Amino acid sequence: MSTVLRTRCTVDADGRITFRLSPPEATRPELVLVLRPKKGRPEETTHTLGLEPEGGEGEFHAVLEPHPRLAEGRWDVYLRSGPDTVRERLRPGPRDVRVLVDGALRDRPSPVAVRVPYTTKDGFLAIRTWLRTAHAEAGPLVIADGAMTVRARLHGAELADEAKVLLRLRADRDTVLTVPARPAGEGGGTFSFTVAYGELTGTGNRIWDAFLRPAADAPPVRIGRLLDDLADRKGVFVYPGVTVDGAAIRPYYTVDNDLSVEVTAAVRTGGPPREPGARGT
Amino acid sequence: MKVSFLIHNAYGIGGTITTTFNLAGALAERHDVEIVSVLRHREHPHLTPHPGVRLRALVDLRREQDHPLHRRPAQVFPAAEYRHRQYSELTDRRIAESLADTGADVVIGTRPGLNVHLALQAPRHVVRVGQEHLTLDNHSPALRTALRRAYCGLDVLTTVTEADAASYRRKMRLPGVRVEALPNSVPDPALPTADGTAKVVVAAGRLVPVKRFDLIVEAFARVAAEFPDWQLRIYGKGEEQDRLRALIERLGLWNNVFLMGAATPMEAEWVKGSIGVAASDFEPFGMTLVEAMRCGLPFVSTDCPYGPAEIIKDGEDGRLVPVGDSTAFAEALLGLVRDDALRRRMGRAALHNARRFAPGPVVTQAERMLQEAIEARGGDRPGAPSRTGMHRTLVSRGHAARDLARAAASSALRTVRKGRT
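As they're listed, the protein sequences go chains S and P. Counting in this note's numbering, the first sequence runs from 1 upward without gaps. Counting in this note's numbering, the second sequence runs from 1001 upward without gaps.
Here chain P stands alone, though its shape is the one from the complex:
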């Protein structure tokens, strides 16, 4: 089959870009695959796409930043989308043209606004797959309202967790749309896996408040008190850096806790450790959990929405602890630090269990899903589906009404605020 991915900017850095390149590359082994990047701002992408994947861009900001149409706000790309300001009448037009001319059997959108384009503008014969890398509950009411209208035009909507898929099924009425969780994949590690002997705990991510690196540092104070030869290494950079540095000083942990700066790829750093940790309040998927476990590290994470509980089996390949509870986090971490045999056993389990996130199984699922969607599309589009019962309709209508009310309230508030300044 011919598959076309539509992505915001394939030339940047980020989880969506990585996972899209991974999936596109794996599909390219057996299919005709292209990535269409709406924006482009540099000559080469940071990640090298699989040689079988064609990459092209619709708007080249190096030449077209000042295009008159690029100064006019986008009409098709929804105003409530996070990146609306980067879109314009020019992107509206180029995306529409690209979709009208596509030779693909399947077009895959990779963010809400682009999914809206697909739903509204893809030709009738093309299968429309929308991917959500964020979560429904984190979208604003206004965006949820816009998506509720548009997403009915999709054939398939994928989320990265089962929990988020359930949320879409419950809160959005999307008759005829197949909603399915398709996890992110992590390539097979290139280095030998960790052997569980290193006295190093590893955390990684952008240093932003939602990741709660402060809680990891606090919890580690108890580990360092009992095991002074263990260290915690935190990889990443961001706005929390200075606050974390101050916390390390206040707790007297400068011999044990280190802010390492950013490292990409992380693989060579994971294998220096023997336990991976994350304490996020919110994690749409949990890419670092899977990366570390694929390197053979057991993982201690908060049981936050949505990813961790679908990645870690508590007590088997890692530990899940309540959100925001540094005492519980320290207990779980100490359990693994104290017990070498347990740590190694859980590390082996992590390695085994995380294989379900290897490109192989994930691509097999994606292929089957796309194939079935093409077959379903072969006939006429299904009309009102019988599987949508009255109860679900009522539930989703309730959510729709609340989002509309909230969206109206917040836009009214914005108007009031604007009036003041």
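With the rest of the complex left out, here is chain S:
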């Protein structure tokens, strides 16, 4: 019976991650982080950490310091027990990431770097990372009267009075809808914006991606929600759909935890026509 090697990890407020594990046999063991390549592309980026013995119980630990910053993506975690051994992918033990839960309350300088250890769908340990020059963190969404109002906070850049929110059509990047970013009373880069759903409809299905342009000449910053403990938000932060002009409109978080709005052309009412003799089941 193969033993399952589980790795505990703890995250602190600076983004430092400490890994602890007890490999069965190890001479100069290392932890190897591998950036998951895009489909069909070869593996290129790895980051290796030395494992240091800790106590006398055969336990080792490795520390991933806040620097250097890791590239944005998903990093798989492997153990290489010795210089001549094949690396072995690790499964998670207890993941103490509680410090990340209220991470949106802390100020983030540029670049905004985020690391969230998580369990992959097939049960392995991985680290979700984001690395952005600046980031606009979405907060609560108010959905009412055919519009959505989003409160958000800019990190890693200055919010100018002329800041604007852009909604860009994913399938046609030249189609951009602009609404004002209203600075909020509490300052500190907080702002809010309102999008009238009626502006988003058109022919067929479409997706709008949300950006902030912090100043007139500044590059756009993606609006998303990265600053807590959730690596995959899409199925957890779910917003209601509203029907406007015969289209269903629903804001959602992408697989990268960025904020987008989905517009789905409504199906005809009454359902599809029934074939003669067809029976319900």
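Take these hints with a grain of salt, some might be off.
Unchecked claim - Calculated cross-link-like contacts (lysine-lysine; reagent style DSS-like; alpha-carbon spacing at most 27 Å):
1) Lys-39/S x Lys-121/S
2) Lys-234/S x Lys-1237/P
3) Lys-1313/P x Lys-121/S
4) Lys-39/S x Lys-164/S
5) Lys-121/S x Lys-234/S
6) Lys-121/S x Lys-38/S
7) Lys-1199/P x Lys-234/S
8) Lys-1199/P x Lys-1313/P
9) Lys-234/S x Lys-38/S
Hints in this document: simulated from the structure, not taken from any laboratory. Small disclaimer: the values here were computed from a predicted structure and weren't measured.
Following the hints, position chain P against chain S.
Structure of chain P alone, referenced to chain S:
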């Protein structure tokens, strides 16, 4: 001593499996312990047993699913048991052989049908311990009638709560059978305990109607109105998922209430919160209450049968509120959200009080109980016990008669229904 657990399927997932592995592992520190799994459907169990515990299976469904004897209904395993359809003449036979050949001093059954096997088939010198992880009142009248006959052949019957033990003593006449509550144990937490500062309330369990997650969401609407920076996280999956999602939308709680999906183990999720909640209509034990409290969370629960009142001390380490009352639930929850000092004090009390569910104390109780049962078994079996007074006999006979009548009525009804289809 040599201890043998008999379990339905050690390769699945569930509370009985977890608690059996925990108890077996703890006993294995000082005793010879095996787990006998009636069924097996995969190579490795989901949970890794303690290295000192031997695990073996009687029927391997990967090879024996189509065994001719496995197609014939079980005769020994009672027909009224929930899992009767998974049992067969093959399981009857293999369980009987396994019990006849056992080298154990004590055999422990972990569900009603297996307890019946022990009671009827364990050799005379072996101590027979039946464990009930469900409750007597939730069994059908037909099952209660079957168990009433068979359980007289046990030495010990354990329940997970005192309330259920009392129910067995009152409603079943089991002369010579020691009926005792043995709570489930929860291992010591591996992570530092919660410090009570997180603005997160945590609930966990299968998303099924009896757990009343809808009531928790309704109650949380009042918390979110007063404290918009607090969130409720619900862990688990199940048939209620879509209804709960719709309720969250209807109440406009999408910024505060989150359906997180299943998480096992839950420990790393409990410690992200500072209050645990459950609103079940019925809870045979209340494993999530103990898990959360062992992580340092005060717990708000409905005072449903049977577990919560035996786990929570109302006002000291949590709150007990009436079943089905979302207003009372919201009041109790708000009391803990509003008052940081109270929440932290109750969290510390929860941590302290829940230590009685640590493997140590529970195993000590189990060891003492098993040892005493072996000693009692050493002499001849007691005959008609003097402690069973006339009144109790009459009371239990009354329950027996009612169950027989109900069982007969429901089987007659089934016959009528079958005739119609």
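Hint compliance check: list the failing hint numbers for this structure, sorted ascending. 3, 4
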